[in-house]
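Heads up: the sequence lines are chains A and B, in that order. Numbering-wise (my numbering), the first sequence opens with residue 1 and increments by one. Numbering-wise (my numbering), the second sequence opens with residue 1001 and increments by one.
The set of hints was computed from the structure by calculation and includes no laboratory data. Check before you lean on any hint, since a few could be wrong.
Pulled a few chain B residues facing chain A out of the computed Cβ check, cut under 10 Å [stated by the list, open to error]:
no., residue
1, L1209
2, A1212
3, C1351
Pulled a few chain B residues facing chain A out of the computed Cβ check, cut under 8 Å [stated by the list, open to error]:
no., residue
4, L1247
5, P1383
6, S1386
Derived DSS-like pairs (lysine-lysine); straight-line CA-CA distance at most 25 Å [to be verified]:
no., chain 1, residue 1, chain 2, residue 2
7, A, K95, B, K1047
8, A, K96, B, K1126
9, B, K1126, B, K1110
10, B, K1353, B, K1398
11, B, K1388, B, K1140
12, B, K1126, B, K1388
Backbone N, C-alpha and C define an ideal beta-carbon position, used for all residues, glycine too.
Residues per chain are reported as follows:
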Amino acid sequence: MILSRVADGLYWMGRYLERSEHVTRLLLVTEELATEVLGLDEELARVEWSDMRAIFPDGEPPEAQPRRLAALASASVYDLSINPGHPNSVFFSLKKARDNARTVREALTTEVFVNLNDTYREPEGQTRRQIADHATFRGALGTTHRGILSTVGAIEHTLTRDAGWLFLKLGESLERVYRSAVILRVKLPALLSPEPKIDLPLFYSRWRGLLRGLSSLENYRGAFGARMEPADVLHFLLFDPHAPRSLRYGAAAVKDYLDRVSGATELSQPARIMGKLAAELSYEDRDLIRQGACLPFLDHVLGEIGRGHDALSTLYFGT
Amino acid sequence: MQWVNAKSGFDEIFDPHGRPRPHYGPLLSILESFTREDVERRERLQKLALMSQGITFTVYGEKEGLERIFPFDFVPRIIPAAEWKTIQDGLVQRITTLNLFLLDIYQDQKCLTDRIVPPELILSRKEYKRELLGVIPPRKVFTHVVGTDIIRSDTGEYLVLEDNSRCPSGVSYVLENRTLLSRVFPEFFGSYPVRPIKDYPTLLLDTLLYVAPRPSQSPVVVVLSPGIHNSAYFEHSFLAREMGVPLVEGRDLLVEGNHVFMRRTHGKRQVDVIYRRIDDDFLDPLTFRRNSMLGVPGLLNVYREGNVALANAPGAGVADDKSVYAFMPELIRYYLGEEPLLPQVPTYLGCRKDDFQYIAEHLGELVVKTTGDAGGYGMLMGPFASAKEREAYLARMKKDPGNYIAQPLVELSLHPTHVNGRFEPRRVDLRPFILYGDRIRVLPGGLTRVALRAGSYVVNSSQGGGSKDTWVLAPRDA
């Protein structure tokens, strides 16, 4: 059993570290996709950047976004990578992960802290420089992404499996399922539009982009082959029991960590909320997709994750 | 490699004829064997290691870059065994006296009755806690951890500059400096019998367990920190980690039924010993500063009842008041019947009329300090201050003379330090750490702080200071 404050710090360290991985990965994918389609369909490139800003919002209304595509892309790259004032930038997320790690330093191994600290220092150094060009930007972001994954590896390989580790993993898994649901919620309306306004190859590029944005392209191919069927992609991302980025797997992981945190005592309120959600995701099937009920269902998922977070914060952190 | 010898003051490495002192001979030979590029490469590695591991301190009052690396100079300071014995014996004598003094002034006040120290001087100090009169800490230990600042006169004599008996910091850098040096310059260690220091956290934990109120029931020890924004937060976290005990903040603790508990995710747990790194005034808003958010309401009552041990004990801060320092030689004679083994710097007290007059007339030759401040804050370096600055400072002194002391400017010793590709003399001091548990132990080493700016006397980390690894050599026949 650990201090409530330490549990809180580890939980948020897990959440911010996971968030930094999401935004880094999506920036790399979006930048590549937007570049790829630029000559073919400028509007599509614009949508990709607008989606990115909707997934990682900064409180500004969409009308405030730059109108010219080049300006929108540059602003998005800057805001979401190294802007220290953007609440979802890579830099901000890593800073928050590190700030939390510093408050619970005694609960971490040297390997975890040093990896995280080094990873944070890379974008911190960039905040003092201009983004030179896209190749440099991609190189730097790639380095940061590897640093984040290396930190996650250090967590897996060096932290003892105690209550602290459980809270860290709880934060990580809750952020993962939440952020995956947000990505789906933002991207699906256009992708599920009955009459795609774009060429078919581009249409499939976007579905492929969605899978890549959720680190799931190879896993999807492993399950369904190279054929890109939207219903299969949706089924995979929502209900696959084994893919680590599917909502079903994510909710079950959160439930599992909550059960282990509460031990053999009675079912806790957050475990109850997340358990129900995991059960729903286990029993839902293609009917939901056929009926076109994905978007309301995703709203429901996001609401329940929010309730789960509130319940666990109240129960364990006293906040 | 280029070496610049000191023009004034005691040079730690070279004698007045420019010859290396015998105990530095092997080190100089090794350094001479390096190329400049090699040294610079290793220095870069050293800086990277400090950044990676987050070995930093926090500077107050800066909007950005709150965290700073504590600069480390790789040329170690070497103290021969015989010199260290003098320092160690002197420190044991001094810390024994400080503890006896604290026991006395919070109990019978004999030293005040006997006018060894003027009662008004002690009783007027804000660090003297009337609320704790008659409250004797477990095992009668007030000063569990002390860091005493030592300098060397121009003849090389070791002098005590001040005692820090509240929450002395710096020991984490002592330990990390040793690790860093052994990784980056492993060649240095082959030629010297350097006494180890890495068992400090174990000794500290033993010291804390010694005063636990429930010694037979696996006592729970915690480190109490003001939090991440404190300048010494790295050290608080480091010591908790090294001792394997929880690092707590005030909000993690609560008082119930005259016992202290930690708030945990699944219920409370009683705490027995608190190594607190928070000043007295912030410990308990019900007893001291009412608006403090850092402490624990009701903590002092639990301490009074003997249900928790606090290290250092509340009220111990009065012992490192700069006015009390002036009376230390007399106090050593009074309590121990011995002559002081370590001399100290002559001190003029603002509260004495004659002394104040002298200070006012010789301000240009003296270093004036406020009695309650630390870290080089509130200080006037008379010889380097302008007439206008001295005038303004004197005006402040006149409003509260008792808050000031003055000392002649002592020429700190100088130690060659790697600056801009060559070895230049820089002023240094030394802070050994002393633990008071079942007996008094002095860590064989200490924090050598170095004024990195050329000509500077200020070694404080907050004002441009750095540090060096400090080697105490084992006796030849050991």
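Against the structure, the hints come out as follows:
1. Interface hint at L1209(B): violated, since its Cβ lies 18 Å from the closest Cβ of chain A, which is beyond the 10 Å cut-off.
2. Here the hint on A1212(B) is broken, as its CB sits about 20 Å from the closest CB of chain A, past 10 Å.
3. The closest approach between the C-beta of C1351(B) and any C-beta of chain A is roughly 43 Å, which is over the 10 Å cut-off, so the hint fails.
4. Interface hint status for L1247(B): upheld, as the beta-carbon distance to the closest one in chain A is roughly 5 Å, under 8 Å.
5. For P1383(B), the shortest C-beta to C-beta distance to chain A is roughly 39 Å, which exceeds 8 Å, and the interface hint is violated.
6. Of the supplied interface hints, the one on S1386(B) is violated, with its beta-carbon coming no nearer than about 36 Å to a beta-carbon of chain A, more than 8 Å.
7. Between the alpha carbons of K95(A) and K1047(B) the distance comes to roughly 21 Å, so the proposed pair stays at or under 25 Å and holds.
8. Note on K96(A) and K1126(B): the hinted pairing is violated, with a Cα-Cα distance of about 39 Å set against a maximum of 25 Å.
9. With a C-alpha separation of about 20 Å, the suggested pairing of K1126(B) with K1110(B) holds against the 25 Å cut-off.
10. Straight-line distance between C-alpha atoms of K1353(B) and K1398(B) comes to about 11 Å, which keeps the hinted pair within the 25 Å bound.
11. With a C-alpha separation of about 48 Å, the suggested pairing of K1388(B) with K1140(B) is violated against the 25 Å cut-off.
12. For a cut-off of 25 Å, the pair hint linking K1126(B) to K1388(B) is broken: about 30 Å separates their Cα positions.
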